[in-house]
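2 protein chains.
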Amino acid sequence: MENRSEKRKVLSFRNGEAWEEERAVVRETPLTIYVNDQELITLLTIGDANRELAVGFLLSEGFLKNRDGLVSIRVDDAAGEVHVQISGDLSSVEKLWGKRTVTSGCGKGATFYHVLDSLQARPATSGVAVSASQIHALMGELNRMSELYRETGGVHNCALGNTERILIFRDDIGRHNAVDKIRGACFLEDIPPEDKVLLTTGRISSEMTVKTAKMGVSVLISRSAPTSLALDLAGRVGLTVVGYVRGGGMTVYTGKERITD
Amino acid sequence: MENRSEKRKVLSFRNGEAWEEERAVVRETPLTIYVNDQELITLLTIGDANRELAVGFLLSEGFLKNRDGLVSIRVDDAAGEVHVQISGDLSSVEKLWGKRTVTSGCGKGATFYHVLDSLQARPATSGVAVSASQIHALMGELNRMSELYRETGGVHNCALGNTERILIFRDDIGRHNAVDKIRGACFLEDIPPEDKVLLTTGRISSEMTVKTAKMGVSVLISRSAPTSLALDLAGRVGLTVVGYVRGGGMTVYTGKERITD
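Which chain is which? The protein sequence lines are A and F, in order.
Here our numbering is used: the first residue of the first sequence is 1041, the next is one more, and so on.
Here our numbering is used: the first residue of the second sequence is 1041, the next is one more, and so on.
It is possible that some hints are incorrect.
Since the list gives no way to pick out one identical chain from another, each pair is judged satisfied if it fits inside one copy or across any two copies.
Said to hold, decoys possible - Quick list of in silico lysine-lysine cross-link-like pairs, BS3-like style, CA-CA up to 27 Å:
{"no.": "1", "residue 1": "LYS1296", "residue 2": "LYS1254"}
{"no.": "2", "residue 1": "LYS1047", "residue 2": "LYS1105"}
{"no.": "3", "residue 1": "LYS1049", "residue 2": "LYS1105"}
{"no.": "4", "residue 1": "LYS1047", "residue 2": "LYS1296"}
{"no.": "5", "residue 1": "LYS1105", "residue 2": "LYS1296"}
{"no.": "6", "residue 1": "LYS1296", "residue 2": "LYS1049"}
{"no.": "7", "residue 1": "LYS1049", "residue 2": "LYS1254"}
{"no.": "8", "residue 1": "LYS1105", "residue 2": "LYS1254"}
Note that these hints are calculated values from the structure, not bench results.
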């Protein structure tokens, strides 16, 4: 694996004392995605899972629909490039892509106004049920796995789990990249996400809701707060949103029927 | 002012008990910016300072250079639209805009590869000096002003201050919007940011560094962690980055000469 952190010489202050020391900071590096030889976008990432991130991003943004659509991927970690060949006509996606939404809550280029339609075509219908104590156990596991966060304080953590344990753990500078890595991992390793739950340390903005619903996951769990629009969208597509999982408590905002005592 | 939060009926769990109650969530709403009658972008925001946000965004992204460039602004809060007329030729900016970077660490459409040039044309040269105890006092003031965060947990706070006190405080779902609101406020109210410090509750990604440097501010202070690329860029342009201002301590990563005991 690539180095995910770097040491920097810093000047530390505490209680009127100042001293020099080394501190670890999280690595941030550009990754440019090319689709059918055309430069699409540059993401800023830790750089540790470029294949997954590129595939997950292309799935999230509608460039890639299924396994048949993926002709080839070539990853050049040293250059910070992923070259993806996909089948089919790109023109309709490119049109949408021109009209991007940049979200405030940690943005990715979602085509916001077209998102509702595509979401409603895929409501969250999974019958997965998870209990409050299972949610606490999963969030505890997520926090224990967060080594890079403990080292650098610079990442969000995200995981896909069943009701018993975490199956895929990913982290990144942005919580959206972490989700896309998970989506890419599911795709590349043929793991169906539909009967799983998604856990994140980050806030739940509308974009997080959209990403989760598009992935086909019905339960989104966070240690942080959701926004009004995230909950409106979640309500519309039947997604369960659980926030503030911390300190022995949690708040179920939508889709309460999936949460048992 | 617009409503910045909404009440939602939730199901709360704690220590094996479950009960229904109301919880406040932060408002998230789309704001579409039109430039010279052309739709440019949709931001997701609290929606409380749309004029400032639009102007700040256009300044950050290079569409707007100075006061002479701004012909008119019309804000339609109900429709979630800001219509801006600017003078001059947009074609070169539009070209850059086509090649966007979406940052992982809370993205906004920065044209990453062109950013370095523009930054190096404007190094942070201000002689502002600030002491560790002044930084602690400013961060304490920032935290005390964070009403919406205390109510909803859903925003990042940002402020422009001199060494003695906070002059402009703004919050938003995303920390980049909060910075753009401050930049817009400085522009609209004719407040020079160059001799001030910028405070944020959010992490310092490369994009945060770029926004700060482009604004002409030389000292960026956060309660959270920076990334490697943020520090590389800060080092190159001579920006002071102070992180982890919390619990009586702080870490100075770059530009140490501006921080006094």
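So, going through the hints one by one against the coordinates:
no.	hint	result
1	LYS1296 x LYS1254	within (20 Å within a copy, 46 Å between copies)
2	LYS1047 x LYS1105	neither (40 Å within a copy, 37 Å between copies)
3	LYS1049 x LYS1105	neither (45 Å within a copy, 36 Å between copies)
4	LYS1047 x LYS1296	between (45 Å within a copy, 17 Å between copies)
5	LYS1105 x LYS1296	neither (30 Å within a copy, 50 Å between copies)
6	LYS1296 x LYS1049	between (49 Å within a copy, 11 Å between copies)
7	LYS1049 x LYS1254	between (43 Å within a copy, 25 Å between copies)
8	LYS1105 x LYS1254	within (11 Å within a copy, 39 Å between copies)
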